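Visitor: Construct the complete structure from the given sequences, taking the supplied hints into account.
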Amino acid sequence: MENNSNQPYNWFTPFNILTAVVLGVGLVLTIARFGWGIGAVTNLDNNNPWGLWIGFDLLCGVALAAGGFTTSAACYIFGLKRFHSAVRPAILTAFLGYALVVFALHYDVGRPWKLPYPIFVSQGTSSLLFEVGLCVFLYLTVLFIEWTPAAFEWLGFKNLRRIVVKLTLLLTIFGVILSTLHQSSLGALFMIAPSKLHPLWYSGYLHVYFFISAIFAGLSMVVFEGSLAHKWLHHKMDDTHLSEADGVVLGFGKAASFIMMGYLGIKVIGLAVDNNWHYLGTGWGAWYLVEIIGFVLLPAILYSVGAREKKLKLIRIAAAWTVLGIVLNRFNISMIAFNYHLPAADRYFPSIPEIGVTIFIVFVGITVYRFITAKMPILYEHPEYKEEH
Amino acid sequence: MAISRRKFLGCLTAALGTTTGVGALAHAASNKDFKGYPDSFGVLHDSTKCIGCRKCEEACNTVNELGKPEKPFDDLTVLDERRRTDEAEYTVVNKFNGVFAKTQCNHCQEPACASACFVKAFKKDKTGAVIYDESLCVGCRYCMVACPFNVPAYTYNDPLTPKVTKCTLCHPRIIEGKLPGCVEICPKEALIFGKRSDLVKLAWTRITEKSDRYIQHVYGEHEMGGTSWLYIAGVPFDQIGMREDLGTTSAPELTSGALASVPIVVGLWPVLLTGVYAIAKRKDKIAKEEQETAVQDAIDTATEEMNKQLAQLKDKMTKEQQTAVANEVKKALEEAAKKAEEEAKASEEGDADPADAASGEEEDK
Numbered sequence: 001m002e003n004n005s006n007q008p009y010n011w012f013t014p015f016n017i018l019t020a021v022v023l024g025v026g027l028v029l030t031i032a033r034f035g036w037g038i039g040a041v042t043n044l045d046n047n048n049p050w051g052l053w054i055g056f057d058l059l060c061g062v063a064l065a066a067g068g069f070t071t072s073a074a075c076y077i078f079g080l081k082r083f084h085s086a087v088r089p090a091i092l093t094a095f096l097g098y099a100l101v102v103f104a105l106h107y108d109v110g111r112p113w114k115l116p117y118p119i120f121v122s123q124g125t126s127s128l129l130f131e132v133g134l135c136v137f138l139y140l141t142v143l144f145i146e147w148t149p150a151a152f153e154w155l156g157f158k159n160l161r162r163i164v165v166k167l168t169l170l171l172t173i174f175g176v177i178l179s180t181l182h183q184s185s186l187g188a189l190f191m192i193a194p195s196k197l198h199p200l201w202y203s204g205y206l207h208v209y210f211f212i213s214a215i216f217a218g219l220s221m222v223v224f225e226g227s228l229a230h231k232w233l234h235h236k237m238d239d240t241h242l243s244e245a246d247g248v249v250l251g252f253g254k255a256a257s258f259i260m261m262g263y264l265g266i267k268v269i270g271l272a273v274d275n276n277w278h279y280l281g282t283g284w285g286a287w288y289l290v291e292i293i294g295f296v297l298l299p300a301i302l303y304s305v306g307a308r309e310k311k312l313k314l315i316r317i318a319a320a321w322t323v324l325g326i327v328l329n330r331f332n333i334s335m336i337a338f339n340y341h342l343p344a345a346d347r348y349f350p351s352i353p354e355i356g357v358t359i360f361i362v363f364v365g366i367t368v369y370r371f372i373t374a375k376m377p378i379l380y381e382h383p384e385y386k387e388e389h
Numbered sequence: 001m002a003i004s005r006r007k008f009l010g011c012l013t014a015a016l017g018t019t020t021g022v023g024a025l026a027h028a029a030s031n032k033d034f035k036g037y038p039d040s041f042g043v044l045h046d047s048t049k050c051i052g053c054r055k056c057e058e059a060c061n062t063v064n065e066l067g068k069p070e071k072p073f074d075d076l077t078v079l080d081e082r083r084r085t086d087e088a089e090y091t092v093v094n095k096f097n098g099v100f101a102k103t104q105c106n107h108c109q110e111p112a113c114a115s116a117c118f119v120k121a122f123k124k125d126k127t128g129a130v131i132y133d134e135s136l137c138v139g140c141r142y143c144m145v146a147c148p149f150n151v152p153a154y155t156y157n158d159p160l161t162p163k164v165t166k167c168t169l170c171h172p173r174i175i176e177g178k179l180p181g182c183v184e185i186c187p188k189e190a191l192i193f194g195k196r197s198d199l200v201k202l203a204w205t206r207i208t209e210k211s212d213r214y215i216q217h218v219y220g221e222h223e224m225g226g227t228s229w230l231y232i233a234g235v236p237f238d239q240i241g242m243r244e245d246l247g248t249t250s251a252p253e254l255t256s257g258a259l260a261s262v263p264i265v266v267g268l269w270p271v272l273l274t275g276v277y278a279i280a281k282r283k284d285k286i287a288k289e290e291q292e293t294a295v296q297d298a299i300d301t302a303t304e305e306m307n308k309q310l311a312q313l314k315d316k317m318t319k320e321q322q323t324a325v326a327n328e329v330k331k332a333l334e335e336a337a338k339k340a341e342e343e344a345k346a347s348e349e350g351d352a353d354p355a356d357a358a359s360g361e362e363e364d365k
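The listed protein sequences derive, respectively, from chains A and B.
Just so you know, we're using the working numbering here: the first sequence kicks off at 1 and counts up by one.
Just so you know, we're using the working numbering here: the second sequence kicks off at 1 and counts up by one.
Just so you know, these hints were derived from the structure itself, not from any lab.
The model shown is predicted, which means the values in this text are computed figures rather than measured ones.
Careful, some of the hints might be misleading.
[Said to hold, decoys possible] Here's a subset of chain A near chain B, in silico, CB distances under 8 Å, partners left out:
no.	residue
1	A40
2	G133
3	I177
C-beta atoms are modelled at their ideal positions from N, C-alpha and C, and glycine is treated no differently.
Guide: This is the structure we're talking about:
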């Protein structure tokens, strides 16, 4: 694993330079945000209180981090042991994802030092946001504990590691419960505003849609992230990881396609229940069909073809496509179809600094991921603990 | 165990009391019949009497100490702009084809903001006012997403103490026994303060008495579960910037279903997931057992086969050995006989050569 150690590490790769630039710009924007307020860097206003930082950093961040609970549930609860080598990278991505969500929230909320208030000071239990906050807080703790064995192996803390590994099943079940709750509650947040969200996206099933789409978002993200890792971190992977990787891609592709078809089914049921068919003929309807057909049905078909023909490349393309579809769906609900009734002049579009902060946060995540996969046994098994499962 | 009649009756009463108590609680917990605080206050805005003088805006500015406005309050040209409430103006008057509409917090009976707030920074007071507590607010702005009337605003440009701003119904003044600032100053009595229940009656009386002057609708009586501010007007409300498609479902009811599924998931998921785990584990176990049985069977069959072959071999070998022994014996006997014959022959012929006899013996071996 240490095949680079005898030659000096080249810090000046194009990607490292890009990272440095993005992190530098992010630092400047951070100073602007906390020195001059939210208004100084964003296009948010009184009609549009939630923008890119909620639409992408929170909604997409949480949905795309769903790979953690789906993969660990597949391996430890459903007993699909052949996915074992995918669990650690997925847990790490999920942990980083949630940590970044919380990090990003510090930029978005007005007084971030009060973020512990909903849990420790004044509990607004009637709020779905309280539900989200509590579950994200607890799940972040669970993910942290689930991730610690990797750190303990790196640090050589054998006893601590043994204790945590014994808790695996309990932590996994707890993680699935918490994920079910907050993934769905993120959708239910918008159920309080039927007058603002376009009827094609508003539904009494919004919480179910968010939960089900989070499952295939998580599966797709594991495949997508895996293909990136294979390209750039191939040398970090051991034989077990490499030999199981194709099986993970095939299995997850098959599962994602299956779940996406089910998702389409309940979307149609939602249309029928609210009798929203007539909206399909409007401009909003066309946009809705772009999302549903272009970014759910088509990638689902590609997934199933890829799984049937055993063409990993098709599955990888479908995974990236599905990830884009999830981003589109969350953008539609939080920004594009939200406040659809307002005149064009009052609509929201993110400012350049807002986009800059979001890119900055993504790069913080990539940098931490690279550090951890370089130092800790994530993509390979620690030689001392190989025989244990 | 003996029990006296008196004790029995006592227990019965206690039991009945408990039952009734539970029944009362169950009824209180249902929000189907929620009518808001009894005797809470509200304001009726009669749009037909409003002349767009902006005096209410001025009074609001003074009472809430909102600072010098961008344009003075006697500048009526701003009425033609489309304005909304913000940190500098808790109430605004807009003009729609000569008809004026006043906007401020409507102080919902079941406020969306209070339902949405995850730190309980909003509270529906028994006076009818929806009060905001800045000291709890994290600044998530979910209240602004939730508010169907787009009323709460945020001080986005304040880096350290940003807060939500909105009309307070002049709650501090009501407690002192004073009228809200805007109501007090209104020169045309277009704003009437009173108990909400009385205002609803007054609104309908006016509509009924002058049915040609008013639209048959008291805005706020049922919208989003009802609001403390009520409106009557001479033109349809959607023509003066007020949405008529909000429905009558209160905000808490919109999310109660999703919230109610939370404890069910907490209760059922552990059962379901442990069940799935147990099934998967059992399948693995059975598969392992079957594999072991199959392997054992294979081993058994092989062993049996081997033993059989071994036995046959042994049999064969024994037979061969016996034959060999018999042959040997036969051979030895024959040779002995031959020797005896030769010896007899030699003794017949006289002196025999001993060396010949010895070499002959060696060859036999």
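Visitor: Hint by hint, note whether the structure agrees.
Guide: Now for the hints, and whether the structure bears them out:
1. The closest approach between the C-beta of A40/A and any C-beta of chain B is roughly 7 Å, which is under the 8 Å cut-off, so the hint is satisfied.
2. This hint holds: G133/A has a C-beta 6 Å from the nearest C-beta of chain B, less than the 8 Å allowed.
3. For I177/A, the interface hint holds, since its Cβ comes within 8 Å of a Cβ in chain B; the closest pair sits about 5 Å apart.
In this structure, every one of the numbered hints holds.
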